[in-house]
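Given chain Y, put chain S in place with the hints provided.
Top to bottom, those sequences are chains Y and S. For what it's worth, our numbering labels the leading residue of the first sequence as 80, then goes sequentially. For what it's worth, our numbering labels the leading residue of the second sequence as 16, then goes sequentially.
Where hints are given, some of them may not hold.
What the hints assert, rightly or not - Every beta carbon over 10 angstroms from chain S, so not counted as near; a handful from chain Y, in silico: (1) LEU100; (2) MET104; (3) GLY150.
Stated by the list, open to error - Distance condition first, Cα-Cα at most 27 angstroms in a straight line; then the derived DSS-like pairs of lysine-lysine: (4) S:LYS308 with Y:LYS168; (5) Y:LYS157 with S:LYS218; (6) Y:LYS168 with S:LYS134; (7) Y:LYS147 with S:LYS171; (8) Y:LYS168 with S:LYS297.
Read the hints as simulated data drawn from the structure, not as lab findings. Here the structure is a predicted model, which is why all the values come from computation and not from measurement. A virtual CB, placed ideally from N, CA and C, is assigned to each residue, including glycine.
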Amino acid sequence: MGGEVAKKGTIIICRCNDVTLDDLMKAIEMGIDDFELLRRYLRLGFGPCQGRSCIMIAARIFARATGKSLGEVLANYKVRPPIVPIPTKLVLRGVKK
Amino acid sequence: MKVLIVGAGISGLFIAYELVKRGVKDIVVIDSSYPGSGASLRNVSCFRSSFTSPEHVILMKESISIWLKLRDELGMKLEQRGYLWVARKPETMDTFRKLVDFHHQYSIPTRIVDVDEVKNIEPNINTNIVAGAMVDPTAGRMPILENFINLYLRVKSLGVKVVPYTTALKLEASGSRVVRAVTTRGEIESDYFVIAAGGGSAKLVKTVGIDLPIVDIPRHPLVTEPYRETIRSGLIIDWDTPGSPHITQNEHGSFILARDLEDVPEASIYSQRIDAFSHIVKPLVELLPFLTKVNIVRYWMGYYDMTPDHHPIYGPLPPYENLYIAAGFSGHGMMMAPVTGKLIASWILDGKPYIDIANNLTAERFKTGRLVKELAVIG
Chain Y
80 MGGEVAKKGT
90 IIICRCNDVT
100 LDDLMKAIEM
110 GIDDFELLRR
120 YLRLGFGPCQ
130 GRSCIMIAAR
140 IFARATGKSL
150 GEVLANYKVR
160 PPIVPIPTKL
170 VLRGVKK
Chain S
16 MKVLIVGAGI
26 SGLFIAYELV
36 KRGVKDIVVI
46 DSSYPGSGAS
56 LRNVSCFRSS
66 FTSPEHVILM
76 KESISIWLKL
86 RDELGMKLEQ
96 RGYLWVARKP
106 ETMDTFRKLV
116 DFHHQYSIPT
126 RIVDVDEVKN
136 IEPNINTNIV
146 AGAMVDPTAG
156 RMPILENFIN
166 LYLRVKSLGV
176 KVVPYTTALK
186 LEASGSRVVR
196 AVTTRGEIES
206 DYFVIAAGGG
216 SAKLVKTVGI
226 DLPIVDIPRH
236 PLVTEPYRET
246 IRSGLIIDWD
256 TPGSPHITQN
266 EHGSFILARD
276 LEDVPEASIY
286 SQRIDAFSHI
296 VKPLVELLPF
306 LTKVNIVRYW
316 MGYYDMTPDH
326 HPIYGPLPPY
336 ENLYIAAGFS
346 GHGMMMAPVT
356 GKLIASWILD
366 GKPYIDIANN
376 LTAERFKTGR
386 LVKELAVIG
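So that you can see chain Y by itself, here it is in the shape it has in the complex:
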C-alpha cells in the first residue's frame, strides 16, 4: 500500500471518481461491512472504466480489513453492460423513425 512515502489521502484507488485510500478506510471504519454497499457508497465501478482499475484494489483492502476471503467479497460483484461507455448516437443508429 505504498509504504510510508505517500499519505493515504493522496493514494488514489478509483481514478474515475477520485476515491482515495483514506476514503476507503474511513468507509470501512464507519461500519460498511458489505463490499456491494461499500461500492455504492464510494461509487467504485460506477465510472467509465467500469471498475477495471479500482475493484481489485478495493476488494483486496476490504478483504484484509474485514477478514473475509476475496471470493466472498466479490461474490455479488456484477459487471453491467455496456462494457465500455457508448455514445447515445450509436444507440440511435438504425432506429426506425
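Coordinates of chain S only, in the frame set by chain Y:
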C-alpha cells in the same frame, strides 16, 4: 418481544428503525442478498406525492414530510426540485388540468405551465414538440445510495441485527400464529413476522397458505457519464410517449434514463435487453436534443413489484395474528418507505395504522374486490 423482518431493503430497515425507536429491542432483519439489493438501490431515486388516488396522495405526502424531518434526525439528503410532466399533445393539457384539480383538493401545489414557462424551467427542452406541462414543485430526487447506507448504519448502531445472504425458504405456523421462518442458514423463531421482500413476499407467504397478487415486472434504467448540471427538475416525464420515458440528473451529474417497456413478468433480473437502449434513448433525445452528445456508461435491471391496483399491500395477514406484510409497492417503495415504517410499527404496537386510510391497503381488498385506482404509475 422479538420481531423478524424478512427483507433488508429500505422498507424493512425503516420498519426496524420505527420499531426500535418505539422501544422494541429484539429485531432481526434478514435478506437473501446484500442489504438493499432489490428495488431499494435499483430505482431512479425520485419522489412525489402527486398521485391520482387519495391513498397514495395522503400516504406519500406524509412520507415526504417524514423524509424532510429525517434531514435533521438522520442526516438524510433530498432536494425538492420538482417534477415536470411534459405534454406533446395539446389534449393532454386537459388531463393535466383534471389532475391538478385533484391534487389541489389535497393541498398539493401542482400547476399547469405553458410552453414559454417550460422553456424557462428547462432551457434545454425542444419546445417545438411540447404543448405544455404540469409541475409538482414538492417532488424531487435524493441520493438514495447514500441515504440507504446511512439508514443501514443507523439501525445497526441502534442494535438491530441485520443478517444478509440468508434466504427465508418458508414460514411455519401453529394454529393462528406463525412460529418460525426456515432459512438457508437455520430456523428463526419470533413473536412477530414482517414480510417486506418485494415480489419474493408472495412466494414466502404462500408457504402458510396465503395468496398475494404481487408480480415482479422488469424495469430497465440506463445511466450516463457525469456532466455539468443540465436538467433542473428532479424528474422530467414524457407523458405522451408509451411507457412514459423519464429522465433525472443525479447529484453527481449523471443522467438516469428509463422507460416502462413491455416485458416478460418475473423475467430474470439478469435478462438484459439490447433493445432497451434505443427504446429509452430515442424519445428522450427528441425532447432533450443535447442527449445525442452523452455516453451511456451502465445499464441495470430492477423490478416493480406490481399489484393489480398498483398500490402496496400493508398490514396484518389473517388468519395469522402475528404476520404482517409491506410489499407490492409497484415502483414507489423507496419514496414511501418512511411512512411504511411508521405504519407497520403502529399496526404491530397499537393494533391499527396511525393513518386510517392505510386500512384500504390491506390484502383484504383482493377478496372484497375493493381495489384502489391509480392513473399514473411512474417515477
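For each hint, the structure was consulted:
No beta-carbon of chain S comes within 10 angstroms of the beta-carbon of Y:LEU100; the shortest separation is about 19 angstroms. With 10 angstroms as the threshold on Cβ separation, the claim that Y:MET104 sits away from chain S holds: the shortest Cβ distance comes to roughly 16 angstroms. Even its closest Cβ contact with chain S, about 13 angstroms, leaves Y:GLY150 beyond 10 angstroms, as expected for a residue assigned away from the interface. Straight-line distance between C-alpha atoms of S:LYS308 and Y:LYS168 comes to about 7 angstroms, which keeps the hinted pair within the 27 angstroms bound.
For the hint linking Y:LYS157 to S:LYS218, the alpha-carbon distance of about 26 angstroms falls within 27 angstroms, and the restraint holds. For the hint linking Y:LYS168 to S:LYS134, the alpha-carbon distance of about 24 angstroms falls within 27 angstroms, and the restraint holds. Straight-line distance between C-alpha atoms of Y:LYS147 and S:LYS171 comes to about 20 angstroms, which keeps the hinted pair within the 27 angstroms bound. With a C-alpha separation of about 10 angstroms, the suggested pair Y:LYS168 and S:LYS297 falls inside the 27 angstroms cut-off, and the hint holds.
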